[in-house]
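**Q** Below, each chain spelled out in residue letters.
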Amino acid sequence: MTTISGKADDREEIEYLLPWHAAGTLSRRDAERVERALASDQELARRFELVREELAETIHLNESLGAPSSQALEKLFAAIDAEGATVRKPSFAFDLRTRVSEFFAAFAPRTLAYAGSAAALVILLQAGVIGSMLLKSPEGAPKLASIEQVPVDSIDLYLTFVPSATTGEVTKFLQAHDARIVEGPRGPGTYTVRFAVTGMPKQELGRLLKEMQDNRNVVASELEAPARVSPAAPAAPAGPTLK
Amino acid sequence: MSANQATSDEVLIGRIAKGDRLAMQVLFARHHVRVYRFVLRLVGNPSVAEDLISDVFLDVWRQADRFEGRSAVSTWMLAIARFKALSALRKRPDEELDEETAEAIEDTSDNPEVALEKKDKSAVLRQCLQKLSPEHREIIDLVYYHEKSVEEVAEIVKIPENTVKTRMFYARKKLAELLQAAGVERGWP
Numbered sequence: 000m001t002t003i004s005g006k007a008d009d010r011e012e013i014e015y016l017l018p019w020h021a022a023g024t025l026s027r028r029d030a031e032r033v034e035r036a037l038a039s040d041q042e043l044a045r046r047f048e049l050v051r052e053e054l055a056e057t058i059h060l061n062e063s064l065g066a067p068s069s070q071a072l073e074k075l076f077a078a079i080d081a082e083g084a085t086v087r088k089p090s091f092a093f094d095l096r097t098r099v100s101e102f103f104a105a106f107a108p109r110t111l112a113y114a115g116s117a118a119a120l121v122i123l124l125q126a127g128v129i130g131s132m133l134l135k136s137p138e139g140a141p142k143l144a145s146i147e148q149v150p151v152d153s154i155d156l157y158l159t160f161v162p163s164a165t166t167g168e169v170t171k172f173l174q175a176h177d178a179r180i181v182e183g184p185r186g187p188g189t190y191t192v193r194f195a196v197t198g199m200p201k202q203e204l205g206r207l208l209k210e211m212q213d214n215r216n217v218v219a220s221e222l223e224a225p226a227r228v229s230p231a232a233p234a235a236p237a238g239p240t241l242k
Numbered sequence: 000m001s002a003n004q005a006t007s008d009e010v011l012i013g014r015i016a017k018g019d020r021l022a023m024q025v026l027f028a029r030h031h032v033r034v035y036r037f038v039l040r041l042v043g044n045p046s047v048a049e050d051l052i053s054d055v056f057l058d059v060w061r062q063a064d065r066f067e068g069r070s071a072v073s074t075w076m077l078a079i080a081r082f083k084a085l086s087a088l089r090k091r092p093d094e095e096l097d098e099e100t101a102e103a104i105e106d107t108s109d110n111p112e113v114a115l116e117k118k119d120k121s122a123v124l125r126q127c128l129q130k131l132s133p134e135h136r137e138i139i140d141l142v143y144y145h146e147k148s149v150e151e152v153a154e155i156v157k158i159p160e161n162t163v164k165t166r167m168f169y170a171r172k173k174l175a176e177l178l179q180a181a182g183v184e185r186g187w188p
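Heads up: the protein sequence lines correspond to chains A and B, in order. Counting from 0, one number per residue, gives the positions in the first sequence under numbering that gives the first Met the number 0. Counting from 0, one number per residue, gives the positions in the second sequence under numbering that gives the first Met the number 0.
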């Protein structure tokens with residue numbers, strides 16, 4: 000009797016774990032237990048299929064809920080900026096050395112770290128691997144060799160923020176160039192930034208890159224190479240290409 | 000992006016704790032949609048949910064230096080989100096809540112009976128998922144959509160692990176009853 004009761008308890012416990020097994024969030028030990036039970040119990044295996052159906056439709060339902068607007072991010076950073084204003088009084092009229100000295104002398108560690116990492120923009124290259132993708136036009140505007148040949152949806156660049164840009168300036172820069180941060184930081188203040196360039200003529204893309212290069216308020220060094228170029232999807236009969 | 004290139008959430012939190020606003024932006028970009036959907040399923044109002052996620056991430060900014068890494072960052076954020084969502088629900092009149100919750104998630108599909116007539120079992124299942132109680136909906140979302148383990152759900156919902164398992168079981172049982180009422184017989188429970 001004890002054995003039968005024990006088996007029933009074990010089966011019930013296994014059944015409780017099926018949702019997590021379907022989602023792949025069980026420990027290896029528990030997952031192996033469930034797998035063994037599924038292999039030897041057809042009814043349990045049938046119920047596991049029901050769980051998988053529920054999982055699929057729950058994902059479908061949640062994915063249909065949409066996403067918040069960009070106002071959520073704006074509101075968040077407005078609040079963060081407001082908090083920052085109460086604890087620090089940065090003077091952007093000073094040169095970099097003065098500013099760094101003041102930051103070290105006057106502010107809390109959290110503020111110091113911000114001063115060290117969030118700031119004006121240096122565009123770095125992924126030298127060697129993709130350096131050859133960049134060409135210089137006679138006029139000095141950078142051109143991307145690969146973009147000369149195939150349409151692209153986006154390009155990724157490594158951007159390092161240097162010490163004179165505020166969060167507002169960086170945000171404005173990103174908005175102005177239809178860009179967003181997709182990864183990072185990869186090093187002190189360095190992020191991968193994705194620029195949407197779908198349907199952009201090559202002349203326009205060259206102008207965009209030149210404009211970024213010339214933006215000395217945020218770009219402190221010369222633009223040298225893309226970190227990644229995402230080819231556009233094959234042309235569809237109608238409608239925009241989606242990434 | 001390969002796995003070894005990705006900056007872990009924990010590293011981002013460490014940088015946020017030091018005041019790195021761009022790390023904050025990256026963390027937001029990674030998680031805000033899921034947090035929004037979790038909150039929306041709790042409060043049922045898109046504009047309220049949007050306001051709440053700003054508050055959630057502001058708390059992350061404020062409390063990053065106190066994050067101890069005993070749980071995943073996403074688990075920590077969902078726990079904050081849940082607390083804020085429930086606080087918001089408590090502050091609002093019941094009448095308003097019921098009305099808004101009912102209208103919150105746009106129902107563009109057929110009702111279960113009509114969907115069944117069209118033999119769309121998946122649509123019926125989704126309809127029935129929306130008819131679950133908030134408590135059952137929450138645990139199903141956490142397990143299936145947010146991919147949280149038993150331990151993580153326990154941490155987010157603040158209940159014992161065994162209760163997590165039984166609550167999930169009864170949520171699924173209730174779902175099966177709703178499906179049966181809509182004409183879908185699954186042979187379980």
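Warning: the hint list may mix true and false statements.
[To be verified] Here are the simulated BS3-like cross-link-like pairs (lysine-lysine), alpha carbons at most 25 Å apart as the crow flies:
1) B:90 - B:120
2) B:83 - B:120
3) A:74 - B:90
4) B:172 - B:120
5) A:74 - B:17
6) B:172 - B:130
7) A:171 - B:17
8) B:130 - B:83
9) B:83 - A:74
10) B:157 - B:130
11) B:172 - B:83
12) B:157 - B:90
13) A:6 - B:90
14) B:157 - B:120
[As the list claims (entries may be wrong)] Interface residues of chain A toward chain B, partial, derived using beta-carbon atoms under 8 Å:
15) 18
16) 24
17) 28
18) 46
19) 59
20) 67
[Unchecked claim] From the derived model, a few chain B residues whose C-beta atoms are all more than 12 Å from chain A:
21) 48
22) 69
23) 86
24) 89
25) 123
26) 132
27) 133
28) 142
29) 151
30) 185
Simulated from the structure, these hints should not be mistaken for laboratory data. Cβ coordinates follow ideal geometry from the N, Cα and C atoms, glycine included.
**Q** Give me the numbers of the hints this structure contradicts, sorted from smallest to largest.
**A** 1, 2, 11, 13, 14, 17, 21, 25, 28, 29 and 30
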